[in-house]
Structures are given as C-alpha cells and as structure tokens.
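In case you want the letters, here they are:
2 protein chains.
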Amino acid sequence: METIKVGLLGLGTVGTGVAKMIFDNQEELNKKTGYAIEIIKVAVKNINKKRDIELPQAVFTDNPQEVVENPDVQIVVEVMGGLEDTKDLIIKALQNGKHVVTANKDLLAVSGQELFEVADEQKKDLMYEAAVAGAIPIVRAVKESLAADEITEVMGILNGTTNYILSKMSQEGADFADVLAEAQELGYAEADPTSDVEGYDAARKTAILASIAFSSRVTFDDVSVSGITKISARDISYAKDLGYSIKLLGVAKREDNGQIEVRVHPTFIPNDHPLAAVNGVYNAVFVKGKALGDAMFYGRGAGELPTASAVMGDVVEVIRNIRSGSNGRIGCTCYNEKNIKDVNDVVSKSYIRLLAKDEPGVLAGITRILGEHHVSVESIIQRGGQSSGCDECEQGEAEVVLVTHAVRHQDLKAATDEINSLAKVIQVYNIVRVEEGGN
Amino acid sequence: METIKVGLLGLGTVGTGVAKMIFDNQEELNKKTGYAIEIIKVAVKNINKKRDIELPQAVFTDNPQEVVENPDVQIVVEVMGGLEDTKDLIIKALQNGKHVVTANKDLLAVSGQELFEVADEQKKDLMYEAAVAGAIPIVRAVKESLAADEITEVMGILNGTTNYILSKMSQEGADFADVLAEAQELGYAEADPTSDVEGYDAARKTAILASIAFSSRVTFDDVSVSGITKISARDISYAKDLGYSIKLLGVAKREDNGQIEVRVHPTFIPNDHPLAAVNGVYNAVFVKGKALGDAMFYGRGAGELPTASAVMGDVVEVIRNIRSGSNGRIGCTCYNEKNIKDVNDVVSKSYIRLLAKDEPGVLAGITRILGEHHVSVESIIQRGGQSSGCDECEQGEAEVVLVTHAVRHQDLKAATDEINSLAKVIQVYNIVRVEEGGN
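Protein chains in written order, with this note's numbering: chain A, 1 to 439; chain B, 1 to 439.
Treat the hints with care, as some may be off.
It does not matter which identical chain is used: a pair holds within one copy or between any two.
[As the list claims (entries may be wrong)] Straight-line distance between alpha carbons at most 30 Å, and here's what the computed BS3-like set of lysine-lysine pairs gives:
no. : residue 1 : residue 2
1   : K49       : K240
2   : K31       : K424
3   : K230      : K424
4   : K92       : K45
5   : K31       : K240
6   : K288      : K143
7   : K50       : K168
8   : K45       : K357
Please keep in mind that the hints were generated in silico from the structure rather than gathered at the bench.
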C-alpha cells in the first residue's frame with residue numbers, strides 16, 4: 001500500500017488530536033482512502049517538550065520551513081495559528097506543490113482571498129473545515145451539498161466560551177463578570193477573554209461563513225461586531241419573560257439585490273427557534289436557503305478530538321482527490337462582487353432597557369421620540385420601585401423595557417440617543433437586536 | 001460554455017423541483033460548475049398532462065428507456081420511485097456510461113449493494129443524498145466529513161408524517177387516530193398511512209444511514225421495526241411528567257466488537273436531548289463519533305424544493321467530478337462484514353404502562369416478576385381511580401407506569417408477558433424504549 005506523507009505545523013491541542021486519529025484509525029483510513037498515512041515531519045516550538053503522543057524524535061523540528069520545504073511531504077496540516085508568518089508558510093507549501101489543510105480562522109478571515117488564489121493557481125487543495133464551528137461540517141455542507149441552492153441567511157452560535165457564559169447566566173440568573181471568572185477557572189475562557197467576549201472570534205468565523213454562503217470575499221473588517229460584556233442578568237430575565245433566549249450570533253444575510261449584512265452581536269431569539277436550545281459550549285449554524293428552507297447543524301465547536309475530526313475529514317478528502325487526480329476540483333472563480341450593507345441601514349426588531357424617573361410623562365416622552373424616528377413599539381414593560389420587580393431601582397425610579405417592531409438601525413440609534421438625553425431618563429442600559437422565526 | 005445534458009426519470013413533486021432549480025439558478029450553477037445544465041429528456045407516465053413547469057414538448061417521453069438509452073444524456077436523475085423496473089433502469093443507465101442521482105430510498109434500502117457494485121465497476125457516480133432526511137446533507141457529512149472518525153451511533157427523526165403526528169399529540173393532548181385523520185385532511189399523511197405510521201419508511205432510511213455510518217451493507221430486512229399506532233395521549237402525558245418527549249427514532253449503534261443494532265421504534269428521549277426539540281414535519285439526525293462527540297443535523301425531510309435541493313447538490317457534485325475527471329472518486333471496497341445484533345439482545349431502559357386492579361399486592365407481584373427476570377426499576381407511578389389522575393380507570397382499577405434501568409429486550413419481554421398473565425393485571429398497554437443522553 002502506498003503511503004501519503006503528512007507534515008504538521010504545530011502539535012498543540014488540535015495537532016495532537018490529528019496525530020492520535022491518524023494512529024488510532026489507521027485501519028479504517030487505509031480502507032477508505034486506499035493509502036497508509038504517515039506523519040513524517042512536525043514543526044514545534046520546543047522539540048524537547050514531553051508530549052502526549054508517541055512520535056519518533058527524528059520527525060520533530062523547530063524550523064517550520066523544514067515542513068513546507070520537505071520534498072516528501074504531500075499534505076501540510078497547519079494547526080499552529082498565527083498570521084503573517086503562517087501565511088507565508090502556507091503559500092510556500094502550496095507553491096512547493098503541497099496540499100494544505102488549516103484550522104486557522106484568524107488568517108482566513110483576513111487573508112483568505114490571497115491564499116485561495118495561490119491554491120487555485122497551483123491547482124492544489126486548501127481546505128479549512130475546522131476553521132468554522134469545529135467539528136460541525138458546515139463548510140462542506142455549504143460549498144457542496146447546498147451548492148445548487150441560493151442561500152439567503154446564515155446565523156450561527158460560533159463561540160463556545162460566550163455560549164457557555166450566556167447559558168450559565170440564563171440557568172443561574174448570575175451576572176456576566178461572575179460567570180466569566182468561573183469559566184476562566186474551569187478553563188472554558190482564556191485569561192485574556194477579549195477575543196471571545198468582544199465577539200472577534202465569532203466575527204472571523206462569520207466572515208468565512210458569509211464568504212462561502214454568498215460566493216463572496218467577506219473579511220473580518222466587513223463585520224460589524226459587538227460583544228456580550230454589557231448583557232446583564234436583568235436582560236436575560238426580561239428575555240425569558242418575553243419568550244426569548246439571548247445568544248451571541250454571527251448573522252449573515254443576502255438580499256435579492258445582492259447586498260450582504262454581516263454582523264456579530266448578542267441577539268434575542270425566540271425560544272421555539274432551533275438555535276435557542278443550543279446551550280453550553282456547543283456551536284450551531286442555522287442556514288436558510290430558497291430551496292432548502294430552514295436547516296441547522298449542531299455540534300462541538302472546539303476541543304482536541306472534535307476539531308481534529310474536522311481536520312482529518314479534510315485530509316481524507318485531499319487523499320481521495322490525490323487518488324483520483326482531482327485536487328483543486330471545487331475551486332472556481334465564481335465570486336460575486338462584494339456589496340456590504342452599511343450596518344446603519346440594517347433593519348431588525350430591537351430590545352431596549354432603560355432606567356427612568358418614576359414620574360408621570362416619562363413613557364409619553366419616550367414613545368414620542370420613538371415615533372418621531374419611525375420606531376414603532378411592539379411591547380412595553382415598566383417596573384417601578386423594588387416592590388414591583390426592579391431590584392436595581394432606587395426609590396422613585398422605574399425600569400422600562402421596550403421591544404420595537406422592525407426598525408432601521410440608524411433610526412433606532414438616533415432615537416435612543418435622544419431618549420438618553422431626556423431629563424427624566426437616567427440611562428439607556430442596553431439595546432439588543434431581536435431575530436424572529438421559530439418553527 | 002459546454003453543456004451537461006440531464007435526463008429525468010419522473011416529473012412529480014421532486015422532479016418538478018429539480019427542473020425549477022435548474023432554470024431558476026442557471027447563472028449561479030454555471031459559475032459554480034463551469035457548465036450550462038440542460039434537461040434533454042424526461043420520462044413521465046402521461047406526456048399530455050399539464051405541468052407546473054415549462055419544458056419543450058419534445059423532451060417528454062412515456063418510455064423511460066429513451067432516457068437511459070439516449071446517447072447524449074450524461075446524468076440521469078431518478079425521481080420516479082419504484083423497485084424492480086427502476087433498478088433495471090438505473091443499472092442500464094450506469095452500464096450506458098451515465099451517472100445517476102436518485103432519491104429512491106425504497107430501492108436503495110433493498111438493492112443498494114447491487115447498484116453500488118455496478119457503479120463501482122463502471123466508475124460512474126451513483127449519488128443519493130435526497131434518499132435520507134430530504135434536504136439535510138447527512139449522506140455527504142457521514143461519507144466525507146466524518147470519514148476519518150469512528151461513528152458509534154446514529155439516531156434520526158426520519159419521517160415527517162409521524163413526527164407531525166407525535167408533535168400534535170403532545171401539544172394538544174390528542175389521541176393518535178384523531179391527529180392522523182387531521183394530518184390526512186391536511187395532506188401531511190397519505191390515505192394509506194401504513195408505510196409512515198408503521199415505521200417502514202423510517203426503517204428504509206435507517207438501513208441506508210447504518211450502511212454508510214458503519215461501512216456496512218444493512219438492508220431493510222435487518223431493521224427491527226415498530227410503529228407509533230399504539231402510542232396514546234396517556235403515554236405522551238406520562239412522558240411529559242417524567243421529563244421526556246416521544247419520537248419515532250431510527251437507531252443504529254455499533255459496539256466495539258463490530259455488532260450493529262439497527263431498529264426503528266417510538267422512543268422516550270430526555271427533553272434536554274437535541275432531538276427532543278425537533279417538532280412538526282422537520283427531520284433531524286443525531287450522530288455520535290469517537291472524535292466528533294455529539295452532532296445533530298436538522299432540516300426539512302420532504303417537499304418539492306427541499307428534496308430537489310439535495311438532488312441538485314448531488315448533480316453539482318457529479319458535474320464537478322466530470323470537470324476534473326474524477327467520477328467514482330469516493331467509491332471504495334471498504335465494507336465491513338455485516339454483523340447484526342439480535343434485537344432480543346439489545347439493552348435499553350424501558351417504559352411500561354399497564355392497567356391493574358387497585359388491590360393490595362399488585363405492585364409486589366409485578367416487581368417480583370421483574371426482579372426474577374433481572375429487570376430493575378428506576379421509577380414507578382401508580383394512579384388509582386378517576387380522582388387521582390387516571391381518566392381511563394374504572395372504579396377499583398389503577399394505572400401503573402414503570403421506567404426500568406437498562407435491560408435486555410428478551411428479559412423485558414419475558415417479564416411483561418408474565419406480568420400480563422397475572423390475575424390482578426388487566427392489561428399491559430404499552431412498552432416503549434427509553435434513550436438517555438441529553439446535553
């Protein structure tokens with residue numbers, strides 16, 4: 001049996017998972033691909049570090065060039081992360097005739113176009129299933145299974161850390177800071193949680209998803225992002241009262257005129273929407289297509305073996321392409337011109353929570369301003385004083401929660417700025433988008 | 001631009017959807033495949049029937065041989081259904097050098113092996129994404145994305161009609177016969193609902209899923225099947241009290257020794273299991289893999305355009321293979337020997353509902369028999385007379401509901417047969433399997 005020779009860039013969590021799967025599933029992999037798979041070179045920072053996997057010492061190098069320059073390596077698996085240096089390595093690997101499988105969302109969200117162009121020129125495979133939603137095979141589903149359909153909407157829970165935090169806040173009525181601290185202790189959140197809690201990680205994945213769903217070239221900079229740090233236990237409590245769950249969603253929609261909305265933000269979703277039941281560290285991607293209707297893909301978004309499973313699915317695909325001489329078979333120059341909608345023009349329902357003086361005329365003032373800005377109101381809850389369920393209110397204060405009908409973001413912003421300046425309004429605490437459409 | 005020539009066998013609901021997608025998405029399909037797609041021959045029963053789609057009269061024929069013998073047809077899309085005659089047509093198409101995309105679960109569940117062997121010999125594509133769970137791209141996910149993993153379990157809600165009926169029964173507390181009649185009026189159930197409500201349709205799809213998940217050749221005859229006709233409003237009510245939903249599941253599991261369980265039956269699943277939230281006509285497939293962990297795929301299981309979306313995903317795949325000269329690229333002779341577990345040896349928790357005389361010693365008699373057959377009990381509910389929530393009980397009768405711990409099916413059957421023969425037991429009404437594992 002012929003051997004396919006693999007080089008790894010990186011042997012951290014995911015790289016170790018990949019090596020384990022290659023060893024443990026060797027027999028089935030042989031059967032399914034017709035080849036034996038051998039790891040012949042592994043670039044790591046410290047070649048003497050003790051590792052959770054048995055590999056001959058000779059395969060290790062601390063010089064990643066030795067992987068991408070090695071003439072015997074046929075497939076480079078990039079699981080080291082990083083931006084500029086890693087980009088150069090991937091380009092060199094492709095130019096040296098190697099196929100590349102990567103899990104590097106940060107890089108793809110910024111430099112995807114450049115990398116795919118090199119892969120197309122070289123007629124080499126560049127695959128990245130693991131870069132979006134871990135083990136969930138959403139990239140292949142969108143690029144292949146749904147290729148004949150017109151996808152109009154993708155909404156995803158794409159970050160396990162924030163979903164864990166929001167789920168815990170919802171289950172326990174706890175506040176953001178407490179749950180974050182707990183998640184950090186348990187290892188579910190990093191010491192510097194910025195990339196997760198500010199939504200940047202989800203935004204990178206959303207850019208990649210929007211690119212493949214709409215055959216476009218959406219990058220991280222195109223995504224309008226807000227994180228979950230302002231979501232409080234009170235917002236979650238009101239969401240429950242109103243029949244919603246709060247999730248950090250990556251949302252990408254395409255209108256018939258070709259304009260693309262692409263944004264990441266906390267979102268109220270109705271409890272009968274399939275995304276509402278996705279809790280803990282799980283990820284899920286909801287897809288709407290003109291023929292497909294509604295579909296959802298659910299699974300683990302991170303972790304050694306789940307992510308390795310996605311990487312290895314790509315490796316098998318590359319090997320099958322090698323076997324049939326069809327590497328680069330999906331590649332196409334079918335990209336549509338990018339047409340990103342200004343986030344100020346995005347229309348959605350919204351939730352507003354504010355603290356006001358508990359005096360006559362307050363609501364009248366608020367609703368007058370909303371009306372002037374073409375914001376119509378679907379429901380209002382007002383709770384005054386501690387006796388009526390507003391724990392945070394002082395004597396003489398009232399909390400007001402509004403859910404609007406669909407409204408242009410710019411109008412909503414103008415209205416809430418004006419409301420915030422009313423003498424009787426103490427502070428507009430939070431504005432959160434509301435998505436509709438359950439089953 | 002070169003043209004790919006397609007022949008359709010059948011122009012019913014799905015066939016019409018396929019033709020619509022080819023017309024409506026022509027431009028995107030050209031970009032993604034590099035070819036124009038033309039339907040040049042369509043076999044129908046009545047060539048004069050008025051249709052919901054504009055096709056030149058010359059493409060119609062009432063002789064399906066004219067499709068599979070037509071030298072210009074490159075891809076045959078089989079959406080006519082049927083068994084022996086259709087099998088012969090597909091084999092002839094493959095032998096004539098055509099690729100085949102089919103939605104025919106009935107045929108694949110019985111004769112899949114024979115058809116795949118012909119396709120392999122001829123190095124032609126034979127694709128069937130639409131045969132299982134309609135628009136949900138589960139076939140490609142299992143065959144490609146999860147190819148490197150070891151799948152241990154697949155559980156699916158694979159029949160929209162029965163899921164609609166069970167959902168309605170649950171929402172409205174209604175009984176099976178009433179909801180079935182309503183579903184028939186609405187067109188969600190057929191005049192002869194046997195194939196759906198007895199579980200045969202789900203069993204065909206389960207056989208196909210088990211085959212691809214376990215690289216085996218599971219056929220319809222291997223599946224142990226029971227339908228939903230015995231599920232009553234009372235069973236659903238008890239399920240709710242116990243924290244479960246009742247779903248008709250297709251279950252396929254593989255043990256480490258290679259034995260495969262494959263069965264279709266109503267099932268109690270915990271409310272925090274992702275399958276529990278799948279309601280109405282939606283389908284979903286839950287997959288457990290050693291590396292993957294838990295994943296779920298959710299979407300529409302039927303309908304003109306959703307099913308056509310799956311067929312067209314396959315057509316695009318075939319065209320990409322034609323472009324790269326790699327048809328038959330996934331084909332492998334990687335089948336494991338089939339080793340089906342006797343259903344009597346299957347171990348699971350179970351729910352038992354029975355009516356007994358409300359007399360001392362009844363429960364003792366029941367639990368004694370259970371103990372003798374190694375059946376241990378997790379929980380018992382007993383409701384006597386109308387005053388304590390047993391609407392169906394006469395004076396002096398009590399309803400007893402038990403949930404067992406994991407038990408061998410054969411032991412459970414022996415125990416319940418013996419219980420049913422007790423003088424104080426009026427009737428064992430229902431025995432339903434219980435699956436565990438929420439999130």
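Okay, the hints, checked on the actual structure:
1. K49 x K240: neither (49 Å within a copy, 53 Å between copies)
2. K31 x K424: Intra 73 Å, inter 58 Å, cutoff 30 Å: neither.
3. K230 x K424: within (23 Å within a copy, 63 Å between copies)
4. K92 x K45: within (19 Å within a copy, 58 Å between copies)
5. K31 x K240: Neither: 51 Å inside a chain and 45 Å across chains, both beyond 30 Å.
6. K288 x K143: both (14 Å within a copy, 23 Å between copies)
7. K50 x K168: Cα proximity of K50 and K168: none, with 36 Å in one copy and 58 Å across.
8. K45 x K357: neither (59 Å within a copy, 75 Å between copies)
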